[in-house]
Structures are given as C-alpha cells and as structure tokens.
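Asker: Sequence:
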Amino acid sequence: MKQTNHSPRSWWRWLPALLWMGVIFWLSSRTGDQLGGIMPWFQKLLPFMQSFDWGHFVAYFILAFLLAYGFGARALRWRVRLLVVLLCVLYGVSDEYHQSFVDGRTPDANDIRNDGIGALLAMLALSVPMIRRRWTRFGR
285 MKQTNHSPRS
295 WWRWLPALLW
305 MGVIFWLSSR
315 TGDQLGGIMP
325 WFQKLLPFMQ
335 SFDWGHFVAY
345 FILAFLLAYG
355 FGARALRWRV
365 RLLVVLLCVL
375 YGVSDEYHQS
385 FVDGRTPDAN
395 DIRNDGIGAL
405 LAMLALSVPM
415 IRRRWTRFGR
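Quick note on this note's numbering: the sequence shown kicks off at 285 and runs consecutively.
Keep in mind that the hints were calculated from the coordinates and are not lab data.
Note that the Cβ used here is the ideal one computed from N, Cα and C, for glycine as well.
Hints are not guaranteed to be accurate.
Claimed, not checked - Here are the computed distance ranges between Cβ atoms for each label pair:
id: 1; residue 1: SER294; residue 2: PHE385; range: 30 to 36 Å
id: 2; residue 1: SER294; residue 2: ALA393; range: 33 to 39 Å
id: 3; residue 1: THR315; residue 2: PRO413; range: 41 to 47 Å
Modelling step: build the complete structure from the supplied sequences, incorporating the hints.
Answerer: Now the structure itself:
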C-alpha cells in the first residue's frame with residue numbers, strides 16, 4: 285500500500301474552501317429581504333437572464349476554485365475537476381435543503397442548476413492554457 289505524507293501545511297489549503305462554505309451557509313440563512321439583491325447590477329447588465337440567480341453562480345464559481353486549490357496540482361486532472369463540480373452540486377443541494385428551514389426562503393432546483401453551472405465553468409476555466417500555467421505555479 286502506498287503511503288502518502290501530508291504535511292500539516294497541506295491541510296491549510298482546504299481552509300479557504302471551508303470558510304467560503306461557511307459564508308454560503310450564513311448567506312442561505314438570511315431572508316430574501318435581508319440579502320436585498322446582492323448582485324442586482326448583473327441583472328441590469330444582462331436583462332435577458334432575469335431567471336438566472338447570479339449570486340448562486342458566483343458563489344459556487346468561487347467555491348469550485350477554492351476546492352480545486354485544496355486539491356493542489358491534482359486539480360488539473362479531469363477526474364478531480366469532475367469531483368469538484370460534484371462536491372459543489374452536493375453542497376448546493378444541502379444549501380437548498382437548509383433554506384427550506386428559513387422563513388421566506390424555499391428550495392429551488394434552478395439554484396442548484398446555477399450552482400452547477402458556476403462550478404463547471406470554474407473548472408473549465410482551469411483548462412484555458414494561460415490560467416492553467418498560472419495555476420500550476422500558484423498551486424505548488
């Protein structure tokens with residue numbers, strides 16, 4: 285069996301993703317009035333996408349990059365990127381379930397769709413050669 289040595293420092297790579305998940309959880313416990321349309325300027329910029337929830341898209345786009353950072357150089361493998369998207373979607377499902385307990389909030393399958401789109405586009409962005417080169421230098 286192959287042994288892997290994980291330095292204590294490598295566990296710190298997951299901290300940004302865990303903190304961001306906490307931010308998402310905190311935001312999902314707010315009512316719609318408390319959030320007050322965090323990203324209304326996106327909808328003004330792209331009025332034809334009124335049903336698209338940009339907040340979910342951006343939150344899970346960021347989460348996907350932070351999870352990929354946690355995986356380090358392994359995030360450049362397509363299976364790991366697929367796992368990152370799956371983890372984001374699963375967290376999105378749990379987020380929608382959590383919202384079902386918040387007054388004035390209801391679970392919405394479109395939000396999960398937007399979570400997945402954000403995560404998928406973040407992982408596709410890692411395929412862009414310029415981003416991939418920078419990520420490789422940053423991820424060491």
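Asker: Now tell me if each hint is right for this structure.
Answerer: Hint check:
Range check, SER294 to PHE385: Cβ separation about 35 Å, and the 30 to 36 Å hint holds. For the pair SER294 and ALA393, the supplied restraint of 33 to 39 Å holds, since their beta-carbon distance comes to about 36 Å. At about 43 Å, the CB distance of THR315 to PRO413 agrees with the hint of 41 to 47 Å.
Of the hints listed earlier, there is not a single one the structure fails to meet.
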